[in-house]
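Visitor: Letter by letter, the chains look like this.
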Amino acid sequence: MDALDLARWQFGVTTVYHFLFVPLTIGLGVFVAGLQTAWYRTGKEHYLTLTKFFGKLFLINFAMGVVTGIVQEFQFGMNWSEYSIFVGDVFGAPLALEALLAFFLESTFLGLWIFGWDKLPKKLHLATIWAAVIGSNLSAYFILAANAWMKHPVGYEVVDGKARMTDLWAVLTNSTALAQVPHVVAGSFVVAGGFVLAVAGYRILRERNATGLIPRKKDFADVTAPMRREVDMWRAALRGALVMTAIAGAIVALTGDMSGQLLHTQQPMKLAAAEGLRHDTAGAPFSPVPGVEVPGLLSLLAAHDPNATIQGIDDIQQRLVTQFGPGDYVPNLPIVYLSFRVMIVFGMATVGLAFLGLFLTRGRGRRARPVPTWFARLCVLALPLPIAAIISGWLLSEIGRQPWTVQGELLTAASVSPGVSLTEVAISLGLFTLVYGVLTVAEAILLIRHVKAGPDEPVPAVVPGETERRVPTLMY
Amino acid sequence: MTTFWFILIAFLWTGYFVLEGFDFGVGALMPVLARGEAERRQVLRTIGPVWDGNEVWLITAIGAMFAAFPAWYAGFLSQFYLAAVMVVLALIVRGVGLEWRGKVRAKETPLVDVAIVTGSVLPAFLWGAIFGNVLFASAFATVMGGLLSLGLALVHGAVFVALKTKGPVRARARETAWVAGVVLVPVAAFALWRLDAVPAYAAMATYAAGVVLVWAGKEAWAFACTAVTIVLTTAATFLALHPEPLPGLMIESAASGPYTLTVLTWIGLVALPGVIAYQAWTYWVFRRRLTAPEVLLESRSA
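Chains as they are written, first to last, in my numbering: chain A, 1197 to 1672; chain B, 93 to 394.
No lab work stands behind these hints: they were computed from the structure.
Fair warning: there could be bad hints in the mix.
No more than 25 angstroms apart at the CA atoms, straight line, and that leaves these computed lysine-lysine pairs for PhoX-like [claimed, not checked]:
1) A:K1240 - A:K1648
2) A:K1240 - A:K1315
3) B:K310 - B:K258
4) A:K1240 - A:K1319
5) A:K1318 - A:K1240
6) B:K195 - A:K1648
7) A:K1315 - B:K195
8) B:K199 - A:K1648
9) B:K258 - A:K1315
Just the calculated beta-carbon pair ranges, DEER-fashion [claimed, not checked]:
10) A:G1633 - B:A231: 32 to 38 angstroms
11) A:A1640 - B:V235: 38 to 44 angstroms
12) A:W1365 - B:L203: 47 to 53 angstroms
13) A:L1607 - B:E344: 24 to 30 angstroms
14) B:R380 - A:A1640: 32 to 38 angstroms
15) B:A263 - A:R1645: 36 to 42 angstroms
We treat Cβ as the ideally placed atom computed from N, Cα and C, and that holds for glycine.
Please take these sequences and the hints and turn them into a complete structure.
Guide: Below, the structure is given as structure tokens:
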């Protein structure tokens, strides 16, 4: 165990934690903005209630995404100074642009949104949440463009042992980035969709339990009016999440296919590792679960040709030794193999759930089908699936890139800060793991509490003596 | 081009210290300025809508250093490794504390307040300490730098609260500002004298003017003075850092290529005025002075 190993563990731990929160921020932000837009356009009170309810959950999670992101901005310099010096000219640009064009937008307008309910006209206030979520999504674009450059470096030349950018546009329109950005962003919407499904499913179950009316009939004819309104509200949230998850799921599948093909040409080792394919094989098979092989499927997926030759791990290793000299160029095979399958199976299960839900709850107005109780339960149970899928996708993508930090240019072992000692990294790794762990549990507790408590009740108006402001409709 | 980018990075750090400076001061002084829960909310509400946007100045400064001077960025953060870890951890607990304070149970707020206070005091001290160490490489300079930046943040923050509130909190903030301001005179005088540059001497004058003006009840002018003091102090620091921002590292050799610097210049010149405009607009939207009952009744998300 040396400083390099610990630095890698630290990067992995802090990034995976960061990536627990950020996809939810990205997707849930847009969902909340959509709810507020629905309220703005229809004036229906329940959309406002939902906006505030999911807005609060969004903000609890947003805080964690922001603060864990600060670490990322510092960490390249702290632990990976050799990497930073080699890539800064290219890699630093999207990071600087991310802060300048995305983070300012996101944080400033979110502040306006949170505190602007009474101070801004309705339309302008709605615009602030949209500006903030556009910021979040833009930040995803910039950071993923930077990340894509590590896997498929373009628009640069190496001068005096440092990468020098020659074409910013090439970096920002890297084919790897153009496949990866929609894949990850749509994946984030699936995560947020799964989150809303679980929350709405839970609230539906709870409303039904509270009134002792878990309906077994086809419609709500026997349900009291106030309760029906409650259930209608959560049904609307659930339906919204189903639509979002289904559409995003289709985009995830499509862009996943694009990414697979790019792997075939750009990162053959990652592709071979994901399948555990040892040797160059024409008509390579794919095994959805170990032991079952579908002949030619991997070739079909990666090259859109069932007879195409897919490179194998051992043969690529030999070629890389010839090209770059002796060394081990194979990533951690069990993790890459397993995370590939977890990503696909759990991700598709979530999207399948969404399509099933859309079918079950079809119909509008009086013919709207109620949410079956068993389906609401299933939504709650399915909460971990999209989260596990997106984290696995990230592990596949980054562990599969090893042993490189910049594919073909810089090895991870040569990237670490030479002056930072084992003790220092041990201290920081310990502190980050501890603080992140505690805060993640705290976030989970806060989220569960607020979901259980449900939306705030509208309070009777009390006009304080010394304020001339209009009376708030909803109390925080 | 290299010099221009050095100035731009100095500008971003200046923006950060001026804006987050009062955020830190407000967070650190919250228990001193407020009596009871309503007033604590009132004090924190002064920075509620803006602190996160202010913190992005740091992220942008660090990102710009990465892009424009990779070796400076890498050397700066890896040489001050444990200090950077502490800064980041402090910003983490502080940020989470500020966002979560209104969402936890009443019996948990003291814990959140501890996070906010430590998370404000630590980075305010550490930034000055880090830059003091870079410039003078002695333990004494490190401590003095830390005390200077913490002290300026406290005075600046107290003046900000005085400017943004009404009622008992305003009176307490005004008093705290000038008392702290007077107590800190030796530290500020010594540290600025050691920086030995025109902006540093000018900072002494604006600092003194700020303390007198807040004592005289001219809060807006006092705030302008403390803000200018931080601008001048940061300017003096970066003047001293040029052309050797880290011992043994020259700015020219740390810089990215002309292509990168040129494209980033164009994007920066277009985007930065926009950022400044909408952040300024935020301060305009929330320009009213706050009272404690008003803050309690406010309708907001979370």
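Visitor: All hints, please: hold or fail.
Guide: Each hint, compared with the structure:
no.: 1; hint: A:K1240 - A:K1648; result: holds, 23 angstroms
no.: 2; hint: A:K1240 - A:K1315; result: holds, 21 angstroms
no.: 3; hint: B:K310 - B:K258; result: holds, 14 angstroms
no.: 4; hint: A:K1240 - A:K1319; result: holds, 15 angstroms
no.: 5; hint: A:K1318 - A:K1240; result: holds, 14 angstroms
no.: 6; hint: B:K195 - A:K1648; result: holds, 13 angstroms
no.: 7; hint: A:K1315 - B:K195; result: holds, 22 angstroms
no.: 8; hint: B:K199 - A:K1648; result: holds, 19 angstroms
no.: 9; hint: B:K258 - A:K1315; result: holds, 19 angstroms
no.: 10; hint: A:G1633 - B:A231: 32 to 38 angstroms; result: holds, 34 angstroms
no.: 11; hint: A:A1640 - B:V235: 38 to 44 angstroms; result: holds, 40 angstroms
no.: 12; hint: A:W1365 - B:L203: 47 to 53 angstroms; result: holds, 49 angstroms
no.: 13; hint: A:L1607 - B:E344: 24 to 30 angstroms; result: holds, 28 angstroms
no.: 14; hint: B:R380 - A:A1640: 32 to 38 angstroms; result: holds, 37 angstroms
no.: 15; hint: B:A263 - A:R1645: 36 to 42 angstroms; result: holds, 37 angstroms
The structure is consistent with each of the numbered hints, conforming to all of them.
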